[in-house]
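Throw the hints in and build the complete structure from the sequences for me.
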Amino acid sequence: MIVGQQKPFDEIWDMVKGFKRVLVFGCNTCVAICHAGGSKEAEILASMIRMKAKQEGVTMEVNHAGIERHCEPEFFEPLMNDVKTYDLVLSTACGVGVNFLAERIGDIQVYPGINTSFFGAVPEAGVFTELCAGCGNCILHLTGGICPIARCSKQLMNGPCGGTNNGKCEVSDTVDCGWFLIIERMKRLGTLEKLMEIQPPRNWSFGTHGGPRRVTLEHIKEFEEKEEKKG
Amino acid sequence: MKSGSNLERVILSGQPAVTAELGPPMSADPHEVIHKAKILRGFCDAANITDCQTAVVRISSIGGAVLALREGLEPVMQMTCRDRNRIAIQADLLGAAALGVKNCLCIAGDHQKFSAAGRLKGHPGAKNVYDVDTTQLVGILKKMRDEGLQEGGDKLEVPPKFFIGASWTPAADPIDWRPYNLKKKVDAGADFIQTQGIFDVEIFKSQMEKARNLGLHERTAILGGIIVPRTMMMLKYMDASVAGVSVPKPMIERMKKAKDAAGDDKKKAKELQEEEGIKITVELIHQVLEIPGIKGVHVQAIEWETAIEKIVKAAGLYPRPNIPEA
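In order, the protein sequence lines correspond to chains P and R.
Start counting the first sequence at 34; every next residue gets the next number (our numbering).
Start counting the second sequence at 51; every next residue gets the next number (our numbering).
Possibly wrong hints are sitting among the right ones.
Stated by the list, open to error - Pulled a few chain P residues facing chain R out of the computed Cβ check, cut under 10 angstroms:
1. 96
2. 235
3. 237
It should be emphasised that the hints constitute simulated quantities derived from the structure, not laboratory data.
Even glycine gets a Cβ: it sits at the ideal position worked out from N, Cα and C.
Quick look at the structure:
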């Protein structure tokens, strides 16, 4: 899932204070699970903005709404006419949702209410950990299912640097050394010999270094076009 | 001869090699590098010019290396993977070779979050690069030198002839992986290795035994890293905070005794600790040089370059061999 965190309220207030009609717009998938931007968080944020506006003597109408997903058009299409009546949409979806809404909303401002942090998992309630960097060229079969790109601070490919300290990373003693985890797990799996091979310089172009990415499934596109013609 | 550097010639001669370290300043003034180069010249076979160590901006390792070269001190230019992608790295290698630099040490580089362990502001918000890692960087240098090819495959009209070095932290965890970490660097083409500072000789001996069992001592020249202790606090700090470094308690006790012997006299405490530090260093050098497979020592007197002359002389490693170019 995509993990996000609500922006500091002062930063949000600075963004919104000049607008007359504001919609705080939540997304009920990933960012709801991490308690950052679902309908519930959107509702609370809207009421915080209203309170602040009252304190500051600013006249402002602030409402909230929420939909299942901001990354597919059919989910927000039913609400679009209403959404377009606002001066500002403060989206608490991830950055994908903010971008996608901005692309479709016309000449209305869409601002981010949260910081989109990473792709992560929920090992326990209230804890979210980064496990994948979305690099576009997976090598987890070579590293015991633990990603050195997401979990090594230096994204090293051939083993740990000299900074491993009691299994922790030199960046912080609260951060596990990704390579320490990889080696310990591969030892247990009996697959350590895979690490003896030198990984050559990597092709990073499958990640953001290759420019914005797009995936097109031709067979799905063709099928949809045919169905449209039939219908 | 791969590079014809002085360091390579000394190692080939079979005599124990001595490398030192020169940290460039946070300044555009060349005089500090020139001054340090004059202090080190003649007392080591080559000196590492660090590449923004602890992720703090200083005179670049290339600039520092050329300044040292002009003073007659052979540089080992350090090259971290932290600050440059493979394009910048290879361009800088060509530039350095064109300016006469013959040794290059490949290292990952301290993470930018380090910022001199919080003593300086540094640039913790900087973007790091790590396009290639140390092992891959060693391979790039070898491919450039031996095949005359860039990493991408384009030809080099005149290849840079570097004596290729890499670092090794023998005692960091996971400790049983460390000999293989070394093996990968040697497989990639490392001609020489400088280790992280050794204080616990017993741990180093056992890691060296594993390296010998892999035959690595015959394929690369391993120089044992010696960090010159200057104060008891420094030893305590290194023991507690530096990855892969553990300082035996009796050594800390020795420095404490030296410090306490001065009573309240701070100046004397400094002198006595420095004297003891030099004694400890000389002992460590002798112990490390006795380990089978060791080809020399890398002595780091951090911000204390003047100690090198005393140490090298006391260790019986002076004068340095003078081996003419073939």
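Hints and how they fare:
{"no.": "1", "hint": "96", "verdict": "violated, 37 angstroms"}
{"no.": "2", "hint": "235", "verdict": "holds, 8 angstroms"}
{"no.": "3", "hint": "237", "verdict": "holds, 7 angstroms"}
The structure shown violates just one earlier hint, number 1.
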